[in-house]
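Number of protein chains: 2
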Amino acid sequence: MTADLLVTGLRELVTCEPELGDGPLGVVTDGALAAQAGRIVWIGAAADADDKVRLVANGRRLDARGRVAVPGFVDSHTHLVFAGSREAEYAMRARGASYREIAAAGGGILSTVRATRDATADELVELARPRLAMLLAHGTTTVEVKSGYGLTTRDEIKMLEAIGRAGESQPVDVSANFCGAHEIPPEYRDRPDAYVDLIVNEMLPAVAERRLARYVDVFCEEGVFSIAQTRRILEAGAAAGLRAKFHADEFVTLGGAELAAEMGALSADHLLKARPEGVAAMAKAGVTAALLPGTAFFLGLPYAPARTFLDTGVRVALASDFNPGSSMGGNLQLVMTMAVSQMKMSPEEALLGVTLHGAHAMGLEGEIGSLRPGKQCDLVLADVPGWRSLSYHYGVNHVSHVLKRGVLVFAR
Amino acid sequence: MTADLLVTGLRELVTCEPELGDGPLGVVTDGALAAQAGRIVWIGAAADADDKVRLVANGRRLDARGRVAVPGFVDSHTHLVFAGSREAEYAMRARGASYREIAAAGGGILSTVRATRDATADELVELARPRLAMLLAHGTTTVEVKSGYGLTTRDEIKMLEAIGRAGESQPVDVSANFCGAHEIPPEYRDRPDAYVDLIVNEMLPAVAERRLARYVDVFCEEGVFSIAQTRRILEAGAAAGLRAKFHADEFVTLGGAELAAEMGALSADHLLKARPEGVAAMAKAGVTAALLPGTAFFLGLPYAPARTFLDTGVRVALASDFNPGSSMGGNLQLVMTMAVSQMKMSPEEALLGVTLHGAHAMGLEGEIGSLRPGKQCDLVLADVPGWRSLSYHYGVNHVSHVLKRGVLVFAR
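Taken in order, these protein sequences are the chains called S and V. Positions 1 to 412 (our numbering) are the ones given, in order, by the first sequence. Positions 1001 to 1412 (our numbering) are the ones given, in order, by the second sequence.
Warning: the hint list may mix true and false statements.
Beta-carbon label-pair distances, calculated as ranges [stated by the list, open to error]: (1) D50/S / T1120/V: 52 to 62 Å; (2) D118/S / D1030/V: 32 to 42 Å; (3) D50/S / D1030/V: 37 to 47 Å; (4) P186/S / G1023/V: 50 to 60 Å; (5) G1313/V / P276/S: 25 to 35 Å; (6) A104/S / G1374/V: 36 to 46 Å; (7) A1047/V / D197/S: 30 to 40 Å; (8) L1299/V / R129/S: 31 to 41 Å; (9) A238/S / A1045/V: 51 to 61 Å; (10) F1251/V / Y188/S: 51 to 61 Å; (11) D1063/V / R307/S: 44 to 54 Å; (12) T1120/V / R129/S: 44 to 54 Å; (13) E123/S / E1126/V: 24 to 34 Å.
Keep in mind the hints are simulated off the structure, nothing from the lab. No experiment lies behind these values; they were computed from the predicted model shown. Think of the CB as a built atom: it goes at the ideal place given N, C-alpha and C, for glycine as much as any other residue.
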């Protein structure tokens, strides 16, 4: 067949499609891959490449020189557009400061809200760009980014516009999640239902009209948004064409997992305190569990019970939760190490978590997350002796090249 | 004064010497530093640099363009010279395999011993070189490396020679620790005292005669070397001119902390199970506690009680424990994050742990570990808005430049 890109010299080509190679990840040893116009057209043994693939004139041949290839990582839960820093809070927490003490000292989520409200959309885009570049350099080719530090119609729209523009200005695909229900803003502290009214009656229609988001999110948690409020927001979001993808059962068991199943959400996220019935309901409804071990690590808290989800048949995605307060980091290779060492996921389950299952959590599994003919050619090359070293040799960046839709967009 | 290197444009110059700047880390804002023949000769405000420092002809001026400078990191506990891989064991452990099952499947420390015995010194040097380059790129300028995967006189000498040669072939200063007492080799399993005899009567004299090590180490642990055996080896080491620096009270309380105090060891390492009396004895004797959070992280175990040591007045060093079985990673920026988020050390204590206190754990505090006139110019420049971001923004590499003895040895 005809191709405009041929990648050869892959010691291991990890397709994440079992029928294409060995084991649950479908690994092709000494593999090769061809793409045409940004889509994969052929996967096979490097020895067969020249027989099977005809490279067009001006087509690109990339010799991976024994590197390992995996699908571009999909980070399905981040808050990476924000202004300000919460370094001081990080230091206070180490000294044992409570949430209340941190808030009294001017920290907490509302400090990010203040800084983000004060920033222009241009400033937010400028701040996001190096963060996206850092993600790309660590292998992430698709990312979900939430609003939720504006909490007024004007500032939520500003954040979503900044998220969209940040996405357009560099190679990582960015999908926006409208998270106006991230926190109750101070001006509505005594009348939270009025804030829910504002979200439903003003923010959501404005977001939908401008087509600024693909998803709708709610921080469903004690002291934030109740199950009833969450249902109301998600239903209004669905009516506006936004898929549900929300924070559920993180610190307190409220029944977020059950609600995610009831609503047919793409993902329920965090889930440290989900009930067994909720987990079973998620399995039945096909809701992906998006677990965020970096947050547990950064806050020094217990990790989500990943094995409970996996052993109940729930698909587990792993995401970074990149945000200034509870997880200031976006290296999904390290997130995989946490999944294996702390949550007892297998290296295979961890890699699926940041690739195919991350794509499921974003509703993009038909386009990205694995390497098979027809999908986008989002490809990461890594300088490792075998794919397991992506998480086994931890805390460093193994990525040497990143291709997005068949175009080399990062190399070092 | 005269200098052959002048570094300006430092948003923050973190000296780790309180009298040279603000706070416990002696931070100079908008700082500069001058060096001559590899040693620091001046530290001050960038605005004063041209008045105070006369750069010699051909002297180098480095504009740090607003970056942050910290002392080169000192990694005081590693096993980074080895052959083979233990990826498979890492995956088995996630499945809940016991130490016994891992050993039965050919894993565990003895698998590294087999592979290292089978390797030549040349091969060990080749394997170590990229690991040292990775450390350097992450800011480490001095590292301790242990033998202990040979466990025969011939193979321990071979390892120590490889450690020495690996050190000479690249910029990171490498100090060897003779750790023949890392494990009881299979051939001595039924007569461990005979192996101690071999260490004392044959290995130690051979090591000392060839000047292959600066330190002596023992894995003092239930089922490995007892307190009495450890004392015997450390005393023989001291007689041969080697300072004690050893694995103590990691999994079982044996009294390693007390022994370290009694022997005047440079450091006692791991220390998850030290008794309060042992901690107090270490404080009184001035023994540094070398804590290794990466090992707890990688194995999914509890972290060492750092606050107990700090609050008792023990100096705490933080090291990577880089090794294929229990901590396959050497990023000390991430080790600092673990110290803050998991062990509740302050960001200041964490930075001292990988700099000045690491130097204490190696007996090199007169030469390295902080930035003051007279010390070596081992300097790391980082692309961060402030020094706390070295650990706050985690899982990535912030290092942009590394200078060793005033020479630029890494830049990206």
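(request) Compare the structure with the hints numbered earlier in the document and write down the numbers of the violated ones, lowest to highest. (result) 1, 2, 3, 4, 5, 7 and 13
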